[in-house]
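Construct the complete structure from the given sequences, taking the supplied hints into account.
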Amino acid sequence: MERFTQQMVDQIFSYGELGFQEVETSRYLVGVLRKHGFEVREGISGMPTAWMASWGSGKPIIALGSDIDGIPQASQKPGVAYRDPLVEGAPGHGEGHNSGQAVIITAAIAVKKVMEREKIPGTLRIWPGVAEELVAGKAYFVRDGFFRDVDVTLFTHVASNLATGYGDAGGTGLVSVEYSFLGETAHAAGAPWRGKSALDAVELMNVGWNYRREHLRLPHRSHYVIRNGGDQPNVVPRTASVWYYFRDIDYPKIMELWEIGNRMAEGAALMTNTRIDSVRVLGAAWPRHFNRPVAEAMTKNIEQVGLPAWSEADQQMARAVQRELNVEEQGLDTTLAPLGTGVRPEDNRGGGSDDIGDISWVVPTVTLRFPSNIPNLPGHHWSNAISMATPIAHKGATAGAKV
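According to the numbering used here, the sequence shown holds residues 1 to 403 in order.
In short, the hints are calculated from the structure, not lab data.
Backbone N, C-alpha and C define an ideal beta-carbon position, used for all residues, glycine too.
Just to be clear, a hint being listed does not mean it is correct.
What the hints assert, rightly or not - Taking lysine to any residue pairs in the SDA-like style, the calculated list, with each CA pair at most 25 angstroms apart, reads:
#	residue 1	residue 2
1	Lys402	Pro293
2	Lys113	Val305
3	Lys253	His215
4	Lys402	Ala110
5	Lys402	Tyr28
6	Lys112	Lys402
7	Lys300	Ala159
8	Lys77	Glu329
9	Lys113	Asp149
10	Lys300	Val111
11	Lys59	Asp144
12	Lys196	Tyr211
13	Lys112	Gly306
14	Lys402	Val152
15	Lys113	Gly306
16	Lys77	Tyr28
17	Lys59	Gly145
18	Lys196	Gln232
19	Lys35	Lys112
20	Lys113	Glu39
21	Lys119	Ala297
22	Lys196	Ile276
23	Lys196	Asn206
24	Lys77	His381
25	Lys77	Gln11
26	Lys113	Phe4
27	Lys196	Asn210
28	Lys402	Leu339
Claimed, not checked - Cβ-Cβ distance ranges computed for the label pairs, FRET-style:
#	residue 1	residue 2	range
29	Arg217	Gln73	24 to 32 angstroms
30	Arg148	Pro378	36 to 44 angstroms
31	Met115	Ser14	27 to 35 angstroms
32	Gln73	Leu218	28 to 36 angstroms
If you want it as structure tokens, here you go:
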């Protein structure tokens with residue numbers, strides 16, 4: 001099975017597709033699952049690259065999931081300890097989402113064989129985290145009832161150690177919103193007074209939000225990118241849009257940030273004599289909250305499996321990447337992380353979000369973090385792709401599957 005796991009890790013790495021574009025990735029995974037006796041329903045929840053695979057019957061129903069999308073501009077040759085893209089400017093697996101499906105599919109096939117041999121009742125379901133980087137998929141699975149009869153969800157995510165936890169997982173929830181403004185074109189040099197610049201509205205909204213940052217709470221995170229800023233400098237832009245993530249640690253605070261953003265947009269439109277053309281929610285996620293009994297049971301397996309036996313070549317690779325990034329050259333972890341027991345208000349919590357949070361509030365859920373990546377890397381970065389089709393990733397995914 002180790003060879004099978006390695007092949008999946010490397011094959012999915014070769015695709016490196018962005019959210020909602022995971023066409024080759026999903027085609028490959030669906031083929032693997034059908035070959036091993038799973039029934040697969042494709043195109044679920046209106047998403048062409050989403051699917052739900054199932055084998056067995058009766059209770060318990062165990063759902064295993066992991067994300068599959070890549071990161072923009074994260075193309076990278078594996079095993080090369082400096083920036084060397086496979087294709088310049090292309091997406092890649094800069095968060096290691098090529099490895100998680102290998103973990104859960106390997107585990108599911110092994111469990112399936114035991115269930116068949118011992119005539120154990122139960123149902124295994126496998127599903128992909130589509131467009132997790134856009135935080136735009138899992139809420140629709142919940143909405144459409146795919147977890148209504150599930151007894152437990154076992155999720156996986158790449159990390160640099162082998163660990164799980166329960167309670168408040170840290171991080172944030174979020175709402176992802178695109179604001180589009182509508183103005184009027186004019187010759188930017190010949191008659192600029194006749195134009196109404198939608199780009200000015202975008203820029204004024206961003207300026208207003210940046211002044212607002214001084215008055216935001218510590219757990220808050222927010223970021224934006226301009227999606228459309230006009231076509232060319234000599235034409236006053238009629239249309240422009242900006243995409244925001246508003247993050248905080250609970251639903252009321254997230255909604256408060258969104259309302260502030262809406263007022264900023266209204267003010268920017270008023271100042272520029274433009275109008276808001278649309279406010280589109282592109283995605284959202286609840287903060288994550290994981291189940292204690294399941295996490296404690298998983299920890300017993302983690303302690304039995306332990307971290308991989310890293311070779312000296314593995315450690316040299318890790319230290320070389322850390323040296324390239326000017327961070328501590330600690331190499332790969334050799335001591336298991338403790339069971340996470342939830343983040344307290346005074347703890348230093350991360351700012352990231354994951355829509356597994358939506359599932360964690362409707363069915364007992366835990367996330368297994370498995371050691372296929374290198375410690376101290378920035379995340380969402382080309383360096384995070386370096387190890388992801390090397391023996392480091394293969395050994396880490398194999399350990400995760402054993403758990």
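Hint-by-hint comparison with the structure:
1. Lys402 with Pro293: Holds, at roughly 19 angstroms.
2. Lys113 with Val305: holds (20 angstroms)
3. Lys253 with His215: Distance ~13 angstroms between Lys253 and His215 Cα, so the pair holds.
4. Lys402 with Ala110: Roughly 9 angstroms between the alpha carbons, so the hint for Lys402 and Ala110 holds.
5. Lys402 with Tyr28: holds (23 angstroms)
6. Lys112 with Lys402: holds (14 angstroms)
7. Lys300 with Ala159: holds (19 angstroms)
8. Lys77 with Glu329: It holds: about 21 angstroms lies between the C-alpha atoms, which stays within 25 angstroms.
9. Lys113 with Asp149: holds (23 angstroms)
10. Lys300 with Val111: holds (17 angstroms)
11. Lys59 with Asp144: holds (20 angstroms)
12. Lys196 with Tyr211: holds (24 angstroms)
13. Lys112 with Gly306: Holds, at roughly 23 angstroms.
14. Lys402 with Val152: holds (18 angstroms)
15. Lys113 with Gly306: holds (23 angstroms)
16. Lys77 with Tyr28: holds (21 angstroms)
17. Lys59 with Gly145: holds (17 angstroms)
18. Lys196 with Gln232: holds (15 angstroms)
19. Lys35 with Lys112: Answer holds: Lys35 to Lys112 is near 13 angstroms, not above 25 angstroms.
20. Lys113 with Glu39: Given that 25 angstroms is the threshold and the Cα spacing comes to 16 angstroms, the pair holds.
21. Lys119 with Ala297: With Cα atoms ~23 angstroms apart, Lys119 and Ala297 stay inside 25 angstroms; holds.
22. Lys196 with Ile276: Measuring from Cα to Cα gives roughly 12 angstroms; hence the hint holds.
23. Lys196 with Asn206: holds (18 angstroms)
24. Lys77 with His381: Within the cut-off at roughly 13 angstroms; holds.
25. Lys77 with Gln11: Distance of about 14 angstroms is within 25 angstroms: holds.
26. Lys113 with Phe4: The hint holds at about 15 angstroms.
27. Lys196 with Asn210: At roughly 23 angstroms apart (the allowed maximum being 25 angstroms), Asn210 and Lys196 satisfy the hint.
28. Lys402 with Leu339: holds (18 angstroms)
29. Arg217 with Gln73: 24 to 32 angstroms: Because 31 angstroms falls inside the window, the suggested range holds.
30. Arg148 with Pro378: 36 to 44 angstroms: holds (38 angstroms)
31. Met115 with Ser14: 27 to 35 angstroms: Holds, at about 32 angstroms.
32. Gln73 with Leu218: 28 to 36 angstroms: holds (30 angstroms)
Every hint, counting from the list given before, is met by this structure.
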